[in-house]
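Peer 1: Protein chains in written order, with my numbering: chain X, 10 to 405; chain G, 41 to 180.
In short, the hints are calculated from the structure, not lab data. Quick reminder that beta carbons are idealized off the backbone N, C-alpha and C, glycines included. Do not take every clue at face value.
Label-pair ranges, simulated between beta-carbon atoms [as the list claims (entries may be wrong)]:
hint	chain 1	residue 1	chain 2	residue 2	range
1	X	P22	G	V167	54 to 62 angstroms
2	G	D111	X	N403	45 to 53 angstroms
3	G	V167	X	A96	56 to 64 angstroms
4	X	S291	G	V59	18 to 26 angstroms
5	X	D322	G	D111	20 to 28 angstroms
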Amino acid sequence: MRYVYADNAATTPVSKKVVDAIIPYMTEHFGNPSSLYEVGQVASRAVTKARQQVATALGAEEREIFFTSGGSEADNWAIKGAAALGAKKGKKHLITTKIEHHAVLHTMATLEKEGFTVTYLDVYDNGIVKVEDVEKAITDETCLVTIMYANNEIGTIQPIAEIGALCKKKGVLFHTDAVQAVGHVKIDVKEQNIDMLSLSGHKFHATKGVGALYCRKGIVLPNLIEGGAQERGKRAGTENVPGIVGLGVAITEACENIDENHAKVKALRDRLFEGASKISHSRINGDRENRLPGNFSMCFEGVEGESLLLMLDMKGICASSGSACTSGSLDPSHVLLAIGLKHEVAHGSLRLSLSENNTEEDVDYILEVLPPIIDRLREMSPLWEHIMEAEKVNQA
Amino acid sequence: MEYSKKVMEHFANPHNVGVIEDANGVGEIGNAKCGDIMKMYLKIENDIIVDVKFKTYGCASAIATSSIATDLIKGQPISEALKLTNKAVVEALDGLPAVKIHCSVLAEQAIKAALSDYYTRQGIDPVPIVGVIEEHDHEH
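With the rest of the complex left out, here is chain G:
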């Protein structure tokens, strides 16, 4: 199993690591037992994601997918972030080993979890917009 150069770049120097103190959307997905947890912080103004930060516990691909996913949605309207698929995340990283594809799913889910939290805070039911986020399970 070997990682692409892109994965290693994002793992060695991940973008957007940290916490947004005044975030208005926060989502966490994954669990410690499985060995990966992603937490996304969004700052949304006028339906635009003006800032995004993450914290990830997990393997190199979990950290790299978090990094690239935050790059892909930063400065984008919510509507674009909702369209982000795990496939796009994998492509942006020049591929992931087959056993690591679940990490990209985790990144997609973490963003959706944060967006759900954003809508909930606005008093809007997130389900019709974001959908139901399936909890990360053992079917890696």
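Chain X on its own, in the form it takes in the complex:
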């Protein structure tokens, strides 16, 4: 049976280049970067190099990059840190969107309990925030605007440069959770006026457990972990040297090939959209064009997402859904509800996220397998029966 991994927004396989680069830092170059002898200094130089690589990829300076355990940690640090800085000046208002990752939304909920107020901006049916809404929401009390670069479920890309320019003009800090975007779309933090940016290595073929926060020089965030002098004393603890080395290699590799990969992955994704749109009672979630190249998100009425995923799994296809059953809660994904989908439609969502490792054969296999699975689930679905009956009544 064919095996197709189409859940690259969840995680990606570690690239060969990354594996080759990190192994020596677990074997001969195992030293602690804080040690003065050579084996330690080799590791220290490798961390410095990786910091330069990440900085280069983002258009930032080396001293503006802080390594973390991943995207969630970077989000927590940036948002809680900016809130603490704001509170000192009596500014206790934050602005975000309704479609952020839970690393952002749950952090906001915690801040609300601590007395901060939060504005959650609408994203409309195309899944994209309006810059004018951001502008209207900013008050004298606002200490942070945090808006994700690209959404993890529906892939929509937000107008980051415009929001960055607006925040600069208004003198408000601007953070973006760019976990889904880094390595896939071109980012320049200076040109786009981004003050802080979170990224995660395993979304672009580095290992899990490593990420970074870019924090513009001049913004003095509170320390995240007290201890040694690592990460300029802001995030203490012996560095995850192999992970950091891999992050540097992976981000360089991704950015070197960004145009080529973008074109390839987008063509595959468009082929998927074209094929799957032939299935009746289906819809594309989020803006058709302004989205990550590898993101495919559709809803199929009358079917439930978890059943759909397990049937795809039986055919060797790894995918994801925003149904309640897969989110582990009662409600379907907050993102799908935020773009105005009804619960029963959102339950039938399917996300496929492609990478440059996928092929046309993969796409054609998905398009061969998907329609009969949907037919089969619809055949046994009383909801589908109701939809068909309602249509008959409407036509009569």
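We have chain X already, so just place chain G on it with the hints.
Peer 2: For chain G alone, kept in the frame of chain X given last:
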């Protein structure tokens, strides 16, 4: 969260899927908003459930519980079907993840809804026999 082998077997190849055109008891429970609906068709002769079919919209455990529940009552007298508990359904599937227990409740309710419909069609008040079927709610 992982499903038992039994759940996956019944999900991959559910038993008794479909419609009984001349069913004399039909029950539907659940709602689309919650993400699961079960519809049961019963053919009852001389107080024996001679045939049963179902249609289910929902997750793998909803489909698997429908399948096993129909197996458990097929060929049984009504009195036995009325004794079917969600616990028995869960046991027959070698367990369900905690968050999926409501699916087994749904299966029990769907059968009772179909039996209620059967009695109503016979001109018999179903409440003293079947009891009141609580509508599936959000307390999963």
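Peer 1: Taking the hints in turn, state whether each one holds.
Peer 2: Outcome of the hint check:
1. The hinted window of 54 to 62 angstroms between P22(X) and V167(G) holds, with their beta carbons roughly 59 angstroms apart.
2. The supplied range of 45 to 53 angstroms is broken by D111(G) and N403(X), whose beta-carbon atoms lie about 38 angstroms from each other.
3. The given range of 56 to 64 angstroms is respected by V167(G) and A96(X), whose C-beta atoms sit roughly 60 angstroms from each other.
4. Checked against the given bound of 18 to 26 angstroms, the beta carbons of S291(X) and V59(G), roughly 25 angstroms apart, stay inside it.
5. Distance hint check for D322(X) and D111(G): the Cβ-Cβ separation is about 24 angstroms, which falls inside the suggested range of 20 to 28 angstroms.
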